[in-house]
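Novice: Chain A is already provided as a structure; the job is to place chain B on it using the hints.
For the record, the sequence lines run as chains A and B.
Taking my numbering, the leading residue of the first sequence gets 24, the next gets one more, and so forth.
Taking my numbering, the leading residue of the second sequence gets 72, the next gets one more, and so forth.
These are calculated hints, taken from the structure and not from any lab test.
Check the hints yourself; a few may be wrong.
[Unchecked claim] Listed next, with one range per pair, are the computed distances between beta-carbon atoms:
#, chain 1, residue 1, chain 2, residue 2, range
1, B, 332, A, 136, 35 to 43 Å
2, B, 259, A, 155, 48 to 56 Å
3, B, 252, A, 38, 40 to 48 Å
4, B, 111, A, 158, 51 to 59 Å
5, A, 41, B, 256, 51 to 59 Å
6, B, 341, A, 131, 36 to 44 Å
7, B, 318, A, 119, 27 to 35 Å
8, B, 258, A, 128, 15 to 23 Å
9, B, 338, A, 143, 33 to 41 Å
10, B, 259, A, 37, 46 to 54 Å
11, A, 129, B, 370, 22 to 30 Å
12, B, 232, A, 136, 29 to 37 Å
13, B, 232, A, 37, 53 to 61 Å
14, B, 258, A, 119, 18 to 26 Å
Using N, Cα and C, we set each Cβ at its ideal position, and we do this for glycine too.
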Amino acid sequence: MMMKSKIWRTIFPLVILTGMAVMFGPALPRLGAAQQDQQTQDQQKQQDQQKDDQTDQQPKKKGGMFGGLKKVTSGKSDNETASTASGGAKGALDGKQIADKTPTAADKQQVTDMEKYSVPQNVLKKFQDDGHLQPK
Amino acid sequence: MIPKIRLRKTEMAPLIGGLLACAAMCPQAMGQFGGLKKYADKVQKGVEASKPLTVEQETDIGREVAAKMIAAFQIYPNDPLKKYVNEVGATVAAQSERQDIQYHFAVLNSTDVNAFSAPGGYVFITLGALKLCKNESELAGVLGHEVGHIAGKHVVHEIESANKKGAVASEVGSSVGDLTKNQPGSALYQKALENITRNVLMTIFGKGLPAKDEFDADERGVRYAHAAGYPADGLEQFLDSFAKATAPGGAQSYMTTTHPPVQDRNDKISKQIANEKWDDADRPKLAERYATLTAMVRAKKGA
Chain A
24 MMMKSKIWRT IFPLVILTGM AVMFGPALPR LGAAQQDQQT QDQQKQQDQQ KDDQTDQQPK
84 KKGGMFGGLK KVTSGKSDNE TASTASGGAK GALDGKQIAD KTPTAADKQQ VTDMEKYSVP
144 QNVLKKFQDD GHLQPK
Chain B
72 MIPKIRLRKT EMAPLIGGLL ACAAMCPQAM GQFGGLKKYA DKVQKGVEAS KPLTVEQETD
132 IGREVAAKMI AAFQIYPNDP LKKYVNEVGA TVAAQSERQD IQYHFAVLNS TDVNAFSAPG
192 GYVFITLGAL KLCKNESELA GVLGHEVGHI AGKHVVHEIE SANKKGAVAS EVGSSVGDLT
252 KNQPGSALYQ KALENITRNV LMTIFGKGLP AKDEFDADER GVRYAHAAGY PADGLEQFLD
312 SFAKATAPGG AQSYMTTTHP PVQDRNDKIS KQIANEKWDD ADRPKLAERY ATLTAMVRAK
372 KGA
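Chain A extracted, bound-state conformation (with noise of 0.2 Å):
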């Protein structure tokens, strides 16, 4: 008994500790690498931020199919706002603005009729029959 009691007196706090580094001694490596990719994303945010901030700075480029707007006239778009219309992208709207426009019940309205609006298919064979249109 008094050996036993001995032997445990021993071994306990080495069992602990065992146990500890078997359980936290993985976690370690992977804290610090943990710590290191928030760094990392840290980082690479306030560089995208920076990017951003540059390219907001930068003169607008214009898209859509043709690769931009371009002004074959003079006149300017019924919707051009002041800054634009007298600005450097020549009164054409960049991404930004018009990801920024919050659209009214009217616009929604108009994306429905749209939706709604088809040609009769008729009305679309005599069409195509004056035009002497022969689709496949």
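Specialist: Showing chain B alone in chain A's frame:
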């Protein structure tokens, strides 16, 4: 039976040290476990985000994009013109290989020369572009190009590609994940739609689509227009006019920075027509009908 333990002072030291070390490590370790949970959540989001968009989701995105475009430019309110553009558009779109969606066409009240498409079948052309077209076959080519973007799912692939590249970190990836796991109409679904719409608009009106997508849309547009009965070179003719209108000293153009040069596009179109051996000399360009039905565009001040 567990023996009674009496520790001596010397034996207590490592135990106390160990307990202190444990106390110090636990918050960090727990933080690590919390990090693992977050990571698991992100992976789950990534899995959801990497699912392809359904037609319904694509249409929902397109509807949002269309609403923003209309809010920005407004629809040009003219019923005969709307009918005409829809007739030409429907004739061309009927030749598209993609028929699982409805195509919708509208004229935007803007003098800028442009045409846009949004996922789900929404196609817009501006008054400025209508004014630059010389005949119906050019209009068919322009609308064909836009239908080509939709049929090729170019914007949809951009969204899906953004998810694959950065589903865990990117806002778009998270948004698509939210779109997938939430019910249409719910607040989270709507929020996700708004985020994606924003990114789509920034792509369409900002950096533009990749050049390969523009060439692909050209190829499809030419093919659809030809199959619809128009001369295949309508788009090529329009791009020529476009290049002249935006030549140095002329109107401002951002094309050189956002899209492939017109010359490159037209070279490919010419090659395509030659390869196909299309002889369209006798096909109608329909300049007269076009002039009649778009007269109001020319009459409009500033357009």
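Novice: Hint by hint, say whether it matches the structure.
Specialist: Against the structure, the hints come out as follows:
1. B:332 with A:136: 35 to 43 Å: holds, 37 Å
2. B:259 with A:155: 48 to 56 Å: Check passed, 53 Å falls within 48 to 56 Å.
3. B:252 with A:38: 40 to 48 Å: holds, 45 Å
4. B:111 with A:158: 51 to 59 Å: holds, 54 Å
5. A:41 with B:256: 51 to 59 Å: holds, 56 Å
6. B:341 with A:131: 36 to 44 Å: holds, 42 Å
7. B:318 with A:119: 27 to 35 Å: Hint holds: Cβ distance 28 Å, inside 27 to 35 Å.
8. B:258 with A:128: 15 to 23 Å: The hinted range 15 to 23 Å holds for residue 258 of chain B and residue 128 of chain A, with Cβ atoms some 19 Å apart.
9. B:338 with A:143: 33 to 41 Å: Since the Cβ atoms of residue 338 of chain B and residue 143 of chain A sit about 40 Å apart, the hinted range of 33 to 41 Å holds.
10. B:259 with A:37: 46 to 54 Å: holds, 52 Å
11. A:129 with B:370: 22 to 30 Å: holds, 26 Å
12. B:232 with A:136: 29 to 37 Å: The hinted range 29 to 37 Å holds for residue 232 of chain B and residue 136 of chain A, with Cβ atoms some 33 Å apart.
13. B:232 with A:37: 53 to 61 Å: Given a distance of about 55 Å, which is inside 53 to 61 Å, the answer is holds.
14. B:258 with A:119: 18 to 26 Å: Holds - the Cβ-Cβ distance for residue 258 of chain B and residue 119 of chain A, about 24 Å, lies within 18 to 26 Å.
The structure is consistent with each of the numbered hints, conforming to all of them.
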